[in-house]
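The lines below spell out each chain.
There are 2 protein chains.
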Amino acid sequence: MSVAAAIGEEGRTDARRSIALDLLEKRFGNRFSRGAEVRRQHANTTNWLPNQPPDAVVFAQSTAEVAEIVRLCHDHRVPVIPFGTGTSLEAHVNAPFGGVSIDLSGMNRILAVHAEDLDATVEAGVTRTQLNAAVRDSGLFFPIDPGADASLGGMAATRASGTNAVRYGTMRENVVSLTAVMADGTIVRTASRAKKSSAGYDLTRLLVGSEGTLGVITELTLRLQGLPEAIAAGVCAFPSIEAACNAVILTIQSGIPVARIELVDALQIRAANAFSKLDLPEAPHLFVEFHGSHASVAEQAEAFGAIAAEFEAGTFVSATRPEDRTKLWQARHDAYFAALGLRPGSSMIATDVCVPISRLAECVGETRADLDAEGFIAPIVGHVGDGNFHVSLLIDRDSHDEVERAEAFLGRLNDRAIAMEGTCTGEHGIGQGKRKFMLREHGAALGPMRAIKAALDPLGIMNPGKILPEA
Amino acid sequence: MSVAAAIGEEGRTDARRSIALDLLEKRFGNRFSRGAEVRRQHANTTNWLPNQPPDAVVFAQSTAEVAEIVRLCHDHRVPVIPFGTGTSLEAHVNAPFGGVSIDLSGMNRILAVHAEDLDATVEAGVTRTQLNAAVRDSGLFFPIDPGADASLGGMAATRASGTNAVRYGTMRENVVSLTAVMADGTIVRTASRAKKSSAGYDLTRLLVGSEGTLGVITELTLRLQGLPEAIAAGVCAFPSIEAACNAVILTIQSGIPVARIELVDALQIRAANAFSKLDLPEAPHLFVEFHGSHASVAEQAEAFGAIAAEFEAGTFVSATRPEDRTKLWQARHDAYFAALGLRPGSSMIATDVCVPISRLAECVGETRADLDAEGFIAPIVGHVGDGNFHVSLLIDRDSHDEVERAEAFLGRLNDRAIAMEGTCTGEHGIGQGKRKFMLREHGAALGPMRAIKAALDPLGIMNPGKILPEA
Chain W
22 MSVAAAIGEE GRTDARRSIA LDLLEKRFGN RFSRGAEVRR QHANTTNWLP
72 NQPPDAVVFA QSTAEVAEIV RLCHDHRVPV IPFGTGTSLE AHVNAPFGGV
122 SIDLSGMNRI LAVHAEDLDA TVEAGVTRTQ LNAAVRDSGL FFPIDPGADA
172 SLGGMAATRA SGTNAVRYGT MRENVVSLTA VMADGTIVRT ASRAKKSSAG
222 YDLTRLLVGS EGTLGVITEL TLRLQGLPEA IAAGVCAFPS IEAACNAVIL
272 TIQSGIPVAR IELVDALQIR AANAFSKLDL PEAPHLFVEF HGSHASVAEQ
322 AEAFGAIAAE FEAGTFVSAT RPEDRTKLWQ ARHDAYFAAL GLRPGSSMIA
372 TDVCVPISRL AECVGETRAD LDAEGFIAPI VGHVGDGNFH VSLLIDRDSH
422 DEVERAEAFL GRLNDRAIAM EGTCTGEHGI GQGKRKFMLR EHGAALGPMR
472 AIKAALDPLG IMNPGKILPE A
Chain C
22 MSVAAAIGEE GRTDARRSIA LDLLEKRFGN RFSRGAEVRR QHANTTNWLP
72 NQPPDAVVFA QSTAEVAEIV RLCHDHRVPV IPFGTGTSLE AHVNAPFGGV
122 SIDLSGMNRI LAVHAEDLDA TVEAGVTRTQ LNAAVRDSGL FFPIDPGADA
172 SLGGMAATRA SGTNAVRYGT MRENVVSLTA VMADGTIVRT ASRAKKSSAG
222 YDLTRLLVGS EGTLGVITEL TLRLQGLPEA IAAGVCAFPS IEAACNAVIL
272 TIQSGIPVAR IELVDALQIR AANAFSKLDL PEAPHLFVEF HGSHASVAEQ
322 AEAFGAIAAE FEAGTFVSAT RPEDRTKLWQ ARHDAYFAAL GLRPGSSMIA
372 TDVCVPISRL AECVGETRAD LDAEGFIAPI VGHVGDGNFH VSLLIDRDSH
422 DEVERAEAFL GRLNDRAIAM EGTCTGEHGI GQGKRKFMLR EHGAALGPMR
472 AIKAALDPLG IMNPGKILPE A
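If you're matching them up, the sequences are chains W and C in order.
Positions 22 to 492 (our numbering) are the ones given, in order, by the first sequence.
Positions 22 to 492 (our numbering) are the ones given, in order, by the second sequence.
Since the hints were made in silico from the structure, they are not lab data.
Note that the structure is a prediction, hence the values are computed from the model and not measured.
Ideal placement from N, C-alpha and C gives every residue a C-beta, glycine not left out.
Be a bit skeptical, because a hint or two may be false.
Unchecked claim - Quick partial rundown of chain W residues pointing at chain C, CB under 8 Å, derived from the structure: (1) Q62; (2) I208; (3) L227; (4) I270; (5) A316; (6) E462.
Stated by the list, open to error - Reference excerpt, derived from the structure (chain C facing chain W, CB under 8 Å, subset only): (7) R214; (8) K216; (9) C375; (10) E442; (11) C445.
What the hints assert, rightly or not - Computed footprint of chain W on chain C, listed as stretches where at least three residues anywhere in the stretch have a Cβ under 8 Å from a Cβ of chain W: (12) 398-409; (13) 446-456.
Work out the full structure, taking the sequences as your base and the hints as a guide.
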């Protein structure tokens with residue numbers, strides 16, 4: 022039986038669901054809402070996938086409350102959809118079978134900061150900037166930065182990463198332990214606070230990236246890093262995407278512990294020049310950042326500069342003062358709005374794939390040719406140290422033809438990445454949007470994934486219609 | 022139904038099992054053995070837990086062969102126990118319900134080295150030193166070093182780590198993807214070769230540490246590191262365990278990217294002085310190693326030396342030439358044989374726990390007091406940057422009293438670690454020996470673990486009697 026069938030479209034109006042919603046309303050009072058606008062805001066709002074609102078939204082304030090809600094939904098066969106900030110990009114928060122959206126944004130307490138252990142325990146609704154503000158005085162920071170100021174629970178659920186991942190890893194590497202409410206309302210703690218363990222199945226990593234389909238993450242213990250003594254930033258232009266990628270490969274092979282290394286393609290540079298009044302050459306650029314001691318970042322910058330020169334880069338400009346670094350990175354920081362400026366009034370479809378770094382130049386090159394052949398305006402930016410890149414398709418959502426051609430392009434993009442031993446998503450997740458690529462990417466491994474889903478959520482109430490394609 | 026009950030003790034002699042063994046013998050000829058000595062060697066030989074041999078051993082040479090064996094065992098309800106080098110410490114390779122040991126040591130081909138991507142794909146029987154020899158000419162190395170020259174499949178299955186983990190992580194962080202044979206003989210590839218992915222459940226991390234209870238790992242794609250340009254090693258004595266631990270905490274908080282930082286307690290130093298003819302002061306020592314550029318390792322060593330001085334360490338001696346580094350680290354390298362020398366003729370029980378680093382001094386201190394009160398000779402060595410430490414109990418295995426008191430001590434040690442927000446094992450795994458601590462450590466999280474086991478191995482044939490305690 023498919024997950025969707027277990028819930029059943031007809032379930033939306035059945036008597037049990039009405040009873041459950043009434044019980045929740047009675048229990049949570051003004052923290053329960055059936056308002057159309059609240060429901061709409063709790064479904065997908067970030068791309069062209071339809072907005073599919075839940076039947077109701079409950080604003081939870083504790084793990085115990087989440088457990089209470091899930092247990093009630095379990096007993097009445099009502100879908101449960103966890104909601105953090107709603108910034109995910111593949112419609113993870115949609116409710117295609119209705120159900121109850123659990124808004125965790127009120128669970129925003131920082132429960133403990135263990136500076137000596139370099140970890141902090143937070144509620145799932147705490148955002149990354151909130152955590153960083155709370156730990157800065159201890160000389161610490163949390164490195165994962167997916168762009169949006171997302172909730173940490175949501176970042177764990179979608180296995181988020183971003184520009185710093187090349188040095189500090191993704192949410193996969195930076196979650197020590199989770200508290201989660203499982204499908205029957207049981208509260209589990211996935212691991213101790215030890216930095217490593219060989220004690221049993223890695224439930225932490227199983228829940229990280231599970232997008233609410235196995236349990237609702239309510240608390241997280243996260244690894245923190247010491248704030249670097251010094252930061253150096255730099256930028257330089259390359260004659261080609263390939264040259265830039267080869268410079269990245271050599272940088273990483275040489276053991277330069279680069280903290281960020283971002284590729285920005287020529288079209289995005291053109292956008293940045295227009296938007297931010299810059300005069301960078303319209304060529305692929307690498308934006309880099311180094312963390313360490315003063316001597317170390319100087320050495321790293323020098324070593325990187327030498328590698329860039331080997332690949333015929335333009336002048337490598339670097340800086341260490343915060344204001345100078347911000348200026349150097351402006352074209353990267355402004356990428357989103359600058360890109361929109363390339364086609365005023367258009368909508369951006371942000372997508373990502375990830376390939377082994379040896380295939381990156383080829384994958385980006387073929388993708389650029391594909392986009393150009395279709396006449397799409399679509400800059401490319403990449404977390405190139407990880408082989409991960411983003412295409413920002415600027416389309417007219419009202420044009421049936423453009424939408425259709427964009428969807429066909431996305432199909433080719435994902436097939437291309439998978440064929441190059443890569444993945445259909447490096448950091449955005451599957452949600453609804455990428456379910457169709459799961460079989461191609463995973464083949465027989467979909468079997469164990471389905472078995473795990475069925476075992477941990479036999480009624481199929483946990484964020485149904487996400488990750489796993491229909492059988 | 023418990024895993025054990027699913028197989029059933031009586032199953033050992035049932036007709037189906039005989040048929041399966043005969044079929045395997047016919048199929049694999051002289052790569053199949055029922056010889057008593059071969060069977061004994063394929064069961065536990067590393068500690069006091071009983072040697073429980075399988076019914077037969079098959080020496081597999083390919084993933085397809087492993088799939089064939091597992092499918093046949095599945096169809097005839099015969100337990101399957103994967104075997105690499107047999108060096109695990111918690112009786113992971115024992116066959117308490119009989120069955121077929123699949124010896125993977127013949128699967129020792131290095132299938133691909135992708136130097137540009139910093140990864141290599143190997144068969145499960147390849148050992149870590151074999152991999153390192155194969156990639157050295159590419160300027161690369163594989164950092165995980167659990168001491169024994171274990172097979173990489175076994176290291177993944179037990180989530181091994183070792184001295185380098187503080188900088189490079191454990192097998193959890195260093196496996197990119199696995200090929201595994203699941204309980205019904207299906208071959209799955211858990212992930213692509215992309216460095217990161219958000220595409221579905223993390224089957225890689227689920228199989229890492231699953232000790233053969235969910236599937237047989239047959240191939241691995243592993244992350245490699247660039248060989249550092251320079252290595253510096255160092256050593257210094259501290260007035261107390263607490264001072265040494267505090268120096269470690271400050272080292273890590275300061276962002277010094279230490280590659281190794283090992284605690285060796287006073288008793289182990291005494292053993293080393295005797296065994297290796299050294300004259301180190303009989304006090305807790307830290308052994309450190311730094312990787313990086315020549316300038317960087319010099320800077321790291323200097324920064325560490327300053328921190329050590331803050332905590333009243335003795336003179337910090339460091340060196341960069343290989344022969345000098347080996348000499349400096351001799352007391353650490355010889356730890357095993359030196360410890361045995363403390364009580365000639367005794368047997369060593371090697372055990373490990375792991376706690377948050379802030380609790381390490383307390384945990385080691387209480388453990389030392391406990392050992393002394395019992396009159397045990399038992400040096401302590403720790404991967405202290407991770408909060409992980411080892412106790413090497415030297416006992417007379419023939420003394421019922423000593424064995425009993427040692428078991429009671431192990432119970433207290435594990436309870437102590439768990440009570441300090443730690444884990445009953447940082448890197449040895451659960452196997453048979455630590456199943457009794459699983460409930461205390463994981464509580465309600467045992468439920469999802471059992472559900473996953475039942476879903477992926479409904480017949481309970483995969484390495485039964487390991488990890489999960491009887492229900």
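*Enumerate the violated hints, using their earlier numbering and listing them in ascending order.*
Of the numbered hints given earlier, the structure breaks just one, which is hint 1.
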